[in-house]
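Produce the complete structure using the sequences and hints provided.
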Amino acid sequence: MKKLHLLIIGTYIGPFILTFFTVLFILIMQFLWLYIDELVGKGIEWYIIVELLFYASAHLVPMALPVAILLSSIMAFGNMGENYELVALKSSGMSLLRIMKPLIVVTIITASSAFYFANNIWPVANLKFKTLLYDIQHTKPAIDIKPGVFYKGIDGYVIKIESKDDDGQMMHDMLIYDHTKRQGANKVIRAERGKMFMDEDKMILNLVLYNGFSYDEVKDKDLKESMHKPLVRTQFDEEIIRFNLSGFKLEKTDEESFSSNYQMLNIIQLEKEMDTLIIKYADRIVQVKKIQHQKFSLWRDTLITDSSAAAYDSSKTYSILSDVDELAAIRIVDMATNLTRSAKTQLAQFDREFANRRGYINKYRTEWHRKFTIAFSCIVLFFIGAPLGAIIRKGGMGLPVVIAIVGFLIHYMLNIVGEKLVKEDTVAPLYGMWLSSIVLFPIALALTYKATTDSALFEGSTYISGLRRFGHFLANITKGKKTI
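Remember, the working numbering sits 880 above the position in the sequence shown when you count from 1.
Hint data in this document are derived by calculation from the structure and do not stem from the laboratory. Check each hint, because a few of them may be wrong.
Pairs of lysine-lysine residues, derived as DSS-like cross-links and limited to a Cα-Cα distance of at most 25 Å, are as follows [as the list claims (entries may be wrong)]:
1) K1067 with K1044
2) K883 with K970
3) K1303 with K1152
4) K1160 with K1243
5) K1274 with K970
6) K1175 with K1224
7) K882 with K970
8) K1026 with K1075
9) K1010 with K1274
10) K1170 with K1160
11) K1243 with K1303
12) K1274 with K883
Quick look at the structure:
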């Protein structure tokens, strides 16, 4: 490899690594902000949080990679243009495409790696991420009883305290409502103070109460209708209540529960699942047609029988209301109206069912196309960023960042719109998932052409001179009309 190629690649790799990890860090912070309520206050070990963030970062790589390629390519060629390195290379007889050649190879390798990541690593990361996040979301918050606040975190109990010692264990003036019998607040415990501690395996929480009373309202079936119900009042010097904390511990869910989700499958698995869903969809259509044919035949025979008409001949066309009196005709019309409404309702239900089935199939088709669009978008955004950098000739973190953000937002919004249209069964997955590439690819070709021909695309003087020439053209036309 030539030293020039190494120099160009070195100019590109530095901004790429910096941009990629910066964008990935921003996306992870956004993830933390979104799920902060699910993570805080549950006593989850630090390594579980690190594991979740690791899987979340893998989940966010396909979003960070395109913007990193776009920004780094703009910065690399912008720096080369600003330092007149592009001018020197072009003056030596090298075209822009030849200068871009080593980076094109790097981009193709990056796109191939992105495809491998999306097809083999991303599904596994999604499975781990969704499973672990589900486990954390369904883990109860750690016990934190605050003075003056009713605590309802323990199933079957409501606890209120007035004050708590600095050690967090000894509490004073405790009020406990016991709902474990599922008969309302029929048992109330009041104690001067209480102490909480866990057993060795941290699965049982012991609450030792001192100097208190318990009030237990006895509910008996024989006394159900009586207004006078007995109340048992018990005084104690010390009483122990044990709480089961199994719901507060992070339980690992079986990953097989999520493994059939379309985000957890590779291309081969998606194709198999789509074939199965399409076969079931076709079988359901045949089944519904058969059901409807049987029902319509039954309703037709019912109407013909109730019309008291002669033997019905399906080859003839005539009114089933012939040879019946007025009351029978009204009854038949009402019956036909009700049957028609029932058929309309049922057909609407079938229509919604098939729409849901198509939407479910489209989710798998969407994910299948996503494996390819992630890789192709890397190439498209490079051929947008590199020519832009060569044209604007500005490096650093100023104008390139603004242009990269605008370009990525256009790319991202087109992806969101296309995916939404596919899931709503408005457009085919081939067009919806490739909408961003369809729109941006011609722009990439145009920018590459403009950059190779040294077009002054962003110079205001070019547009001013064009407007002046257009003004002179209009003036000449006006003079010609006056002469005539």
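Can you name, in rising order, the numbers of the hints this structure does not satisfy? 9
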